[in-house]
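Residue numbers (the working numbering), protein chains in the order written: chain A, 1 to 114; chain B, 1 to 383.
Calculated from the structure, these hints are not laboratory results.
Mixed in with the good hints there might be a few duds.
Stretch-level coverage of chain A by chain B, calculated; a stretch enters the list once three of its residues show a Cβ under 8 Å from a Cβ in chain B [to be verified]:
| # | segment |
| --- | --- |
| 1 | 10-20 |
| 2 | 24-35 |
| 3 | 50-63 |
| 4 | 85-93 |
Note that the coordinates shown come from a computational prediction; the quantities given were computed from them, not determined experimentally.
The beta carbon of each residue, even a glycine, is placed where N, CA and C say it ideally should be.
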Amino acid sequence: MILKTKEEDGVIIAEIQIKEANLVLAEQFKKELLDLINMGKNHIVLDFRNVEYVDSSFLGSMVSSLKMAIANKSDMAVIHLNKDIEDLFNLTRLNKVFNIYPNKRMAVMAANKF
Amino acid sequence: MLNGDKKTILLVDDNHLVLEIMDRALSREGFKCFKADSALKGINLLKQQLPDIILSDYEMPEMNGFEFREHLMKDTSLKHIPFIFLTSMTDTSLMARGYELEAVDYILKETPVPVVVSKITNLLHAVSLQHQQSIKELSSVAQALNLRSVPQEAPKLKGFVINFWHKPYQDYPGGDFVDFIVVNPRYTCVILGDVMGKRWGAWFFSFSFLSYIRAAVRLCVFEGEFSTAAILNKINRVVMHDPVLNEVLSTLSMMMIDVEEQSINYAGAGDLPVLYYKKEDESLTTIKSTGLLLGIFEDGSYTENTLKLNSGDELMLITDGIIDFEDKQGKITDYNRFPDTIGHLLGTENSFDRIMKHSFIINKSIEQIDDCSIIHIRKESIL
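Could you build all of it, start to finish, from the sequences and the hints given here?
What follows is the structure, encoded as structure tokens:
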């Protein structure tokens, strides 16, 4: 399993348990994420604390899962991005696509406002 | 040598001494080994990294070597990794069962290490040859069908010198695409895109995107629409409604060069900032587009910039392969490293050729971890 999940205040915190998020793992990651979405989980927070590098295939999986989440009326946020990854999100405007929060507390608070 | 250049081996054996001996011997020969003292741990390691070859013991508690192999055979991403049984068993019936499971070979643990190394090297060489042959065949079919995601040369325009460089990931055709659409004598559309993903999947979809882009550019121009933001908007809407492309995302930088006005109209979709060198004050800045990746939302927030360049000014469009690096600590993304390294070459005579000869680009060709593409535009005097 790539995602280690737990539920807090109605929000699923899914910790990505890999250091290098790349093409090889993108499909498996998407499958696990879609399983969560299909289970009807409305608020999903992806925790990047372990991730040091993300390639474009993995970002592609994230975005297509987000599209699926939106279609299912779910929302998805990301937390604990390292500086390089946050820069990449800003450079490619993915900061406008995903809700980015510094930590779990902020993400859970924001999710419960929806 | 970086880990990325070394062939990797997954060693699976419940005997720690065997693991250690094999690791040391194979590491000395230039292989990078990952060790697992059980098949289950091996399966976990495979979730994080795919090795070039797997060497596994047969007799192990919990899950033996055959069961491990059977497990891998059920997984399409793992079944093709060459698998060798490393065992002290010599029973021919066991060996026969192993071959049924498409184990490529057996190596007895008593085999001298140099022989083990040469067996592995030969096997990897054979696999690599087969691989190259397949790529060659596919590439020749693509060529026969005239499928190109990168043109052979850039057009020559009055007042603008255009150059480009493209290096596919590990020499596989990939997701980056480049095009120069000479719409009419006045307008030429410069395209640089990157379909997310690598290798054949991304390469295949790059044609779908390119077809839409070419069609949208032509249709817009027929209707008198030369705004790059409006063209991107149209492409995005088409992509959003195409079920085949529904899960495929692409970046796009689009520049419409107007040779009559000597101006460039630029809009981008999730693309990296364009480097802008101004000759007048020798400054190097970036131009950031506002649009989202193609195919995310109906409203991609595309806006455009019209650039009035002066003679000697230069623009560089790049894809993300240029900003990904690998060092001993692992992989990182760093946008600034490229301008910081080659920025001093902008503004010099034949700057593009100099950049191409710079160690940054030479190293990118060798150690790259994704498709790499650059389009370079220099404004020239028209007098």
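Cross-check of the supplied hints:
Given a C-beta distance limit of less than 8 Å, the hint that chain B covers the segment 10-20 of chain A holds, as 3 residues qualify and 3 suffice. Given a C-beta distance limit of less than 8 Å, the hint that chain B covers the segment 24-35 of chain A holds, as 5 residues qualify and 3 suffice. Note: the segment 50-63 of chain A has 9 residues with beta-carbon separation from chain B under 8 Å; the three-residue rule is met and the coverage holds. With 6 residues having a Cβ less than 8 Å from any Cβ of chain B, the segment 85-93 of chain A passes the three-residue criterion, so the hint holds.
In this structure, none of the earlier numbered hints is contradicted; all agree with it.
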